[in-house]
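Residue-level listing of the chains:
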Amino acid sequence: MHLSALDKFLWVAGFIATGILILVLFYRHRARSFPIFTALLALSFVGVPVLYFVNSHWGLRAYYKGYWIRASLDMLIQLGVVYEVASHVFAPLGKWAPDVRHSFIRLVGGSVLVALVLTLLASPARTRLIETVIVRGTFFSSALMVELFVGLVVLSAGAGLPWKTDAARIAQGFGIYSLVSVVYDTLNTWLGWAHQGSTIRLLSEIRITALLGVLAYWIVTLWQEAPEPREMPDSMRIQIFHLQRQVEYDLGRIRGWRKI
Amino acid sequence: MSNLYFTIAVFFFLAALAVLLVRHTRRLRSARNADWEQLLGRLERVDRSKIATIAQDVLGDGAGEGGVEPQFELDGETISEMLGGLEGLEILERNCQVLIDLAAYVQRWYPEALVVAEQLRLNARELEWHVGRLKGAAQTGNLQTAFGDYAQRAVVIYYLMTQHVLELYTRTSASGTAQLQAAL
Chain A
1 MHLSALDKFL WVAGFIATGI LILVLFYRHR ARSFPIFTAL LALSFVGVPV
51 LYFVNSHWGL RAYYKGYWIR ASLDMLIQLG VVYEVASHVF APLGKWAPDV
101 RHSFIRLVGG SVLVALVLTL LASPARTRLI ETVIVRGTFF SSALMVELFV
151 GLVVLSAGAG LPWKTDAARI AQGFGIYSLV SVVYDTLNTW LGWAHQGSTI
201 RLLSEIRITA LLGVLAYWIV TLWQEAPEPR EMPDSMRIQI FHLQRQVEYD
251 LGRIRGWRKI
Chain B
1 MSNLYFTIAV FFFLAALAVL LVRHTRRLRS ARNADWEQLL GRLERVDRSK
51 IATIAQDVLG DGAGEGGVEP QFELDGETIS EMLGGLEGLE ILERNCQVLI
101 DLAAYVQRWY PEALVVAEQL RLNARELEWH VGRLKGAAQT GNLQTAFGDY
151 AQRAVVIYYL MTQHVLELYT RTSASGTAQL QAAL
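Listed in order, the protein sequences are those of chains A and B. Sequential numbering of the first sequence, starting at 1, is according to this note's numbering. Sequential numbering of the second sequence, starting at 1, is according to this note's numbering.
Hints were generated in silico from the structure; no laboratory data involved. Wrong hints could be hidden among the right ones.
Stated by the list, open to error - Straight-line Cα separation of at most 20 angstroms, EDC-like style, residue types lysine to aspartate or glutamate; simulated pairs: (1) Lys135/B <-> Glu93/B; (2) Lys164/A <-> Glu90/B; (3) Lys95/A <-> Glu112/B; (4) Lys164/A <-> Glu84/A; (5) Lys135/B <-> Glu37/B; (6) Lys164/A <-> Glu81/B; (7) Lys135/B <-> Glu112/B; (8) Lys164/A <-> Asp75/B; (9) Lys135/B <-> Glu81/B; (10) Lys50/B <-> Glu90/B; (11) Lys50/B <-> Asp101/B; (12) Lys135/B <-> Asp149/B; (13) Lys95/A <-> Glu126/B; (14) Lys50/B <-> Glu112/B; (15) Lys135/B <-> Asp101/B.
Bear in mind the structure is a predicted one, so any value in this text is a computation, not a measurement.
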């Protein structure tokens, strides 16, 4: 597979940006709060040189195998990132809020179904089975991710749950990249390598450029420190705790009336 | 031809997601970025004395001996008149969102206030549930019979939420407590 100078530049830039982002996550202690997101970036960071090495030394067949292993792992970890972001939003006190648990499960089920139906509608203009599977697979993954991230926003707004800044930044980046990927994969189904190889390459470069933009956005926003909260005096903390108990007790009392 | 259907389907899919995203992001953003004046400005006017009367009918005034005891006297029709029907309850529902945002406002300085904000949010969901039941009853023509059952509980939740938000502001010595008291 011949790589142009621009392809090589984008590859190296993506590799460096991912490395910088991983450093930012560790330096700002965000890797501890978002371990799955950090793992996804680590996979990407290691995956790029490994695939480059495989392609250079063992050729295209080995590259495809490696690509598939990486893409499958990537998809699974991306789903993990959705769960991680959702946990930050829907489990503000460490455990999932009771009113959103079922809605989240329904969201995941519905999103998989819609992504699957859309994927089955596509007929990629490819001659080789492996290419068809790759186009369908990447489309399914992108459509699912964009659905899930929009779904998280809808669910949280409906339940009145605010987003923590870091979780919002990660979700925004993912949402934008997934959206660009859906558009790319949709256009890609129309194109065949035999006659439109250069167009496919151009679209691919646009997608990687979008990814670089998202990586830059994450580097900048996740580097920024959140405003320092005020120190709550112990007496106030105790009063807040009692108030929370009182609010909880009152709700139980009102629910109790229903049974009478 | 199949890809044409596919592209049209993706177009509608993305358009639907965009509409959902814009609508709900607006709500999240208004809650996160609103300043104090904007938050208070979102509170809709309600007759506090009537809210208190309906709530105290089942709660008493909480003053203990010598205070008003729970009476359980108000029926659905009276409550409906006092509240202004389902529309009145919908105002309480919208005000509940503001109460949650007011609790979240304190969290900007004291993240520990999250425990109260989260509990208040669950209370608001309960109120939404009661109002939802009444909306369902209105569609089936059973609003009057259902009103007494659900509306009073919704009002009690709202009344207690206002008390708790005020208490949260007082406990954390947050600025604007007096303004809030006047608005609620």
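Here is how each hint holds up against the structure:
| no. | hint | in the structure |
| --- | --- | --- |
| 1 | Lys135/B <-> Glu93/B | holds (12 angstroms) |
| 2 | Lys164/A <-> Glu90/B | violated (29 angstroms) |
| 3 | Lys95/A <-> Glu112/B | holds (16 angstroms) |
| 4 | Lys164/A <-> Glu84/A | holds (12 angstroms) |
| 5 | Lys135/B <-> Glu37/B | violated (31 angstroms) |
| 6 | Lys164/A <-> Glu81/B | violated (42 angstroms) |
| 7 | Lys135/B <-> Glu112/B | violated (36 angstroms) |
| 8 | Lys164/A <-> Asp75/B | violated (44 angstroms) |
| 9 | Lys135/B <-> Glu81/B | holds (17 angstroms) |
| 10 | Lys50/B <-> Glu90/B | holds (16 angstroms) |
| 11 | Lys50/B <-> Asp101/B | violated (24 angstroms) |
| 12 | Lys135/B <-> Asp149/B | holds (13 angstroms) |
| 13 | Lys95/A <-> Glu126/B | holds (19 angstroms) |
| 14 | Lys50/B <-> Glu112/B | violated (33 angstroms) |
| 15 | Lys135/B <-> Asp101/B | violated (24 angstroms) |
In this structure, the earlier hints numbered 2, 5, 6, 7, 8, 11, 14, 15 are contradicted, and the remaining ones agree with it.
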